[in-house]
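Given the sequences, and given the hints that come with them, work out the whole structure.
Chain order of the listed sequences is A and B.
Quick note on numbering: the first sequence equals residues 1 to 444 in the numbering used here.
Quick note on numbering: the second sequence equals residues 445 to 965 in the numbering used here.
Fair warning: there could be bad hints in the mix.
[Stated by the list, open to error] Straight-line C-alpha distance at most 30 Å; calculated DSSO-like pairs for lysine-lysine:
(1) B/K902 / A/K287
(2) A/K252 / A/K189
(3) B/K913 / B/K965
(4) B/K461 / A/K202
(5) A/K294 / A/K189
(6) B/K962 / A/K46
(7) A/K143 / A/K72
(8) B/K948 / B/K965
(9) A/K46 / B/K948
(10) A/K20 / B/K557
(11) B/K571 / B/K557
(12) B/K582 / B/K656
(13) A/K339 / A/K202
(14) A/K234 / A/K143
(15) A/K180 / A/K135
(16) A/K72 / B/K948
(17) A/K20 / B/K580
(18) B/K461 / A/K230
(19) B/K948 / A/K30
(20) B/K948 / B/K892
(21) A/K46 / B/K965
(22) B/K896 / A/K46
(23) A/K202 / B/K453
(24) A/K20 / B/K735
(25) B/K896 / A/K30
(26) B/K580 / A/K30
(27) A/K253 / A/K139
(28) B/K453 / A/K438
(29) A/K20 / B/K902
(30) A/K234 / A/K137
(31) B/K557 / B/K587
(32) B/K461 / A/K173
Don't read these hints as lab results, they were simulated from the structure.
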Amino acid sequence: MNYFNADQVAALAPDPSSLKSGRELANALKWESYACNERVLFGEIKGSGKEPYRTQIDLQQLGFKCSCPSRKFPCKHGLGLLFLRAQQGDAFPQSGAEPAWVSEWMDKRSERAAGKTEASEAVAAEEAASAKRSKEKEKRDSKRQSSVEAGAAELELWLRDMLRIGLLALPEKEPAYFEKTAARMVDAKATGLGNWVLGFTKLPYTHPRQWQGQALSQAARLYLLIQGLKNLDKQSPLVQEDIRALVGWNLKKEDLLQRTDLETVEDQWLVLARVVSQEPNDITLYKFWLYGQKSRRFALLLDFAYRNMPIQTLLAPGTSVDATLVYYPSNWPLRALVKTQGETSPEMPVLQPEFPSWVSVQPYIAQVISRMPWATEIPIMVGALRLIPQEERWFLYDEENAAMEVKGASSDELWDILAQTGGRAVSFFLLRSDHSVKPLAWQF
Amino acid sequence: MNTWDDLTKVALLGVGKQAILPEMLPEPLQQRLSGASPADREDYGYRAAALAWAWQMAGSMPPVLPPPNLTPAPETEESICPSSLWSLLANCLEEPQRLGLFLDRILEIMAEKGHVLPHFLLASTLKHCAETRSNKLKYQVGKVLGARGRWIAGLNPQWRSLLPTEAEKIDFDTATALERREWLASQRALEPELVFRVMQQAWPTENARERKEWLKILAVNTRMEELPFLEETLEAILQSKDKDRPANLELRHILCTLLLRRPDAAFFSQVKAQLANYVSTQSAMLGLVKKTSLKIPAQGDDFLCKEVMTETFALDPVSPYKGWTDSEFWFGQLAGMMHPFVWELLFDAGWDKIIPAFDALHDEKKAPVYYPLQQLQLAIGETCYRPAVITIAQQKGLEVLMTPEMFPALSTPELEQFLMNGAQKFATDLNTLQAYGREWDFSLVFSKYILKYLSQQKVIYSDSRFVQKIALMIHPGIITDIRELESVVPEDYYTQSFQYQFVKPLIHLLQFRAQMEKALK
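So this is what it looks like as structure tokens:
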């Protein structure tokens, strides 16, 4: 029987303290009872109250429930039970019969999953009927459009000044110089443009060869975006969507799920990686990189958490999940939403690499750039690559000895990959940006 | 220089000074930009840059380099440790602050059972061991690396020192002095013969400073067959013209100390014969009672004289201490340098008879001739001093010898008894003991005593390593007593600290230890 391994469980922890506590609870002596079957894992553990806490984990459509008062999700008891399962392996007690409290929850989950689509359809019907609301929205959109255009015009002047004076002055600018312009873009309701401006504060100014080229490409593509916005009507509908998204028009999740014109893909999705980053205003950004086994498509799921709030996306790297994804409208569809989620499997099937060498990757990169010149990270899967350390740098060699530099991964991660691959050629899932790649996952 | 670099150069200086011209671009890009006007320098510059960026992203291939000089790792044929064990190891690596001390034990047992680390834990284990200050852990990890681990450790300069002896190579001819010294020191405890052989061969070409460092290394695990070499070396220095150069003086002193610590050395016997002159035995009660005493000539003699003491033993020519004559000073120095067994030989008695003789000397002189005892205390880390220590402790009370160096000389029951008699600074003592490599399984009696003692202390238990140390050594049968302490309602801040920072973590750690011991079985 398949089960999550310890690394996959650890990836589900909402924070380090939950992970630590979860590990401590992976001790059979602490549990009053525990068992599992094909669909659910459950256990009872003594807590501070009179009654033991009841912990249950839906193994098919990954979900947690615990009667403890913790607001963390999953809580330490859920993690502890999964860790215990990973630790005991096949020795973990099996139980065909589920206690009533487990069956009730599982049945409710199944009902809710079935009812979700109906509910969203009902909302759609209600919204469609509300013509008034839609009119107001149009009015708001038009007002925002004017505000964004004014902001973009200001930013164009700012960029023109920057190039006229020369980029050499950039390293000496205080962060406030960029933050002020970014704040102006936020006021103009063009947060996307503001984020591009803030990108100048993150350039590697201590490496002259690197920052100079990156600053120019950053500024040039931002200028291109502004020109695209100015000539929005002349663009194809999908490019218009891309420009609007990049400038800062957010599409509501509910709206997207209601739309029928969007591309939906049903597949077994491999969870390649979860990348967590801290954003301004106490926001934690979670990026889940997925790869469809049948469709051979990449997808990027984003989730945001404010402070310690839990996220909704429960996907552990190294697992695969049956799901239907809806792609955001784009000339190069990548970002997606989960429409329906089915069974989760802790196994990752072996895949045939999309590209056998670096040379074969290049036409694909050219295609992506032509469709989406603002793409910063392009996911690719390349076979037969060898990870090689050379002094302080790391390279991925293909069979023809073409070598691409690896950046964006820590030295610890790379030594770990090298220890596991033993210097042999393996398939890599990578993020290509500028002239380097960042490994997301690898497979023998 | 490619297009992108050219554009970057102009952009850095500013298009206000130099414009980006169509000629700077390749033909296809020029055509694409035919609608834009170069007169609008900023607009043309950005458009050219955006196009050139896409052009190079889409078209530039990664360079083809010479084949990498990396041989793939050999196949792993050793037995990878079972998941029950590596999952605990992974826990320790994830939480080194809380469980770091358990690593030693896990790696030790893994090695005993002939297991090696799984590939996915190699990098994190090697990183942890390379960064730790524990030499034991650094040594242990080398035994569980397996073929894959040795391969990866050999590639990373920061991990190379963790490789086991047979895998580590050093070219003595080309290595720097520091590299040689480090290698000799690291190998001395593991392969003393090899180290001695290498030193002997390279000795003639080394300078005095380096020889001094090497002698310090030879002082570890000095073997009988090495003594002639040390004696010949001392003799050679004494015969040389440069014998009084500061570096050689130091060398002579180290050599003397080394040889005087070895009762099997000829040099020791020679000095013992000289010291015999200062020991006299008087019989009484028709020979039934013997009293042995020490007498040091105040003005010195043929042995306790400036020439011999400075030439042979490289001692100071005059006493630096007020109230000590030169001969008393030299005698004290020699007594401290010599193996204590010399006194047992000279007195033909045990330490119960020797100590009073030193005491009498001390009382008579009213001067700190107690120096030999102080020397004993300082050097007590060596097990050869144990009989002396025990006797001194019995005769004078433990407080006289309350030095951390003494602890390693005691047997476990003696040590526990000692700690129970003077547990005032148990935490400090335990730290010191462990620093000296002294670890033992606490007896149940001692465990109960220590638990009770710690519970009564008005201290804040903020040192997680201390709890770990206790958890590793305390008797497992103590768990009921600990559970009782857990359920006590805290009366004050200190008892609360004890409960939350000591008792609860201790229970978790003991559970972890139980899991570990189960997995190890």
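Against the structure, the hints:
no.: 1; hint: B/K902 / A/K287; in the structure: violated (49 Å)
no.: 2; hint: A/K252 / A/K189; in the structure: holds (16 Å)
no.: 3; hint: B/K913 / B/K965; in the structure: holds (22 Å)
no.: 4; hint: B/K461 / A/K202; in the structure: holds (27 Å)
no.: 5; hint: A/K294 / A/K189; in the structure: violated (40 Å)
no.: 6; hint: B/K962 / A/K46; in the structure: holds (24 Å)
no.: 7; hint: A/K143 / A/K72; in the structure: violated (40 Å)
no.: 8; hint: B/K948 / B/K965; in the structure: holds (26 Å)
no.: 9; hint: A/K46 / B/K948; in the structure: holds (16 Å)
no.: 10; hint: A/K20 / B/K557; in the structure: holds (29 Å)
no.: 11; hint: B/K571 / B/K557; in the structure: holds (23 Å)
no.: 12; hint: B/K582 / B/K656; in the structure: holds (26 Å)
no.: 13; hint: A/K339 / A/K202; in the structure: violated (35 Å)
no.: 14; hint: A/K234 / A/K143; in the structure: holds (21 Å)
no.: 15; hint: A/K180 / A/K135; in the structure: violated (34 Å)
no.: 16; hint: A/K72 / B/K948; in the structure: holds (23 Å)
no.: 17; hint: A/K20 / B/K580; in the structure: holds (27 Å)
no.: 18; hint: B/K461 / A/K230; in the structure: holds (28 Å)
no.: 19; hint: B/K948 / A/K30; in the structure: holds (14 Å)
no.: 20; hint: B/K948 / B/K892; in the structure: holds (17 Å)
no.: 21; hint: A/K46 / B/K965; in the structure: holds (29 Å)
no.: 22; hint: B/K896 / A/K46; in the structure: holds (28 Å)
no.: 23; hint: A/K202 / B/K453; in the structure: holds (21 Å)
no.: 24; hint: A/K20 / B/K735; in the structure: violated (68 Å)
no.: 25; hint: B/K896 / A/K30; in the structure: holds (26 Å)
no.: 26; hint: B/K580 / A/K30; in the structure: violated (33 Å)
no.: 27; hint: A/K253 / A/K139; in the structure: holds (21 Å)
no.: 28; hint: B/K453 / A/K438; in the structure: holds (28 Å)
no.: 29; hint: A/K20 / B/K902; in the structure: holds (29 Å)
no.: 30; hint: A/K234 / A/K137; in the structure: holds (23 Å)
no.: 31; hint: B/K557 / B/K587; in the structure: holds (11 Å)
no.: 32; hint: B/K461 / A/K173; in the structure: holds (20 Å)
Hints 1, 5, 7, 13, 15, 24, 26, counting from the list given before, are not met by this structure.
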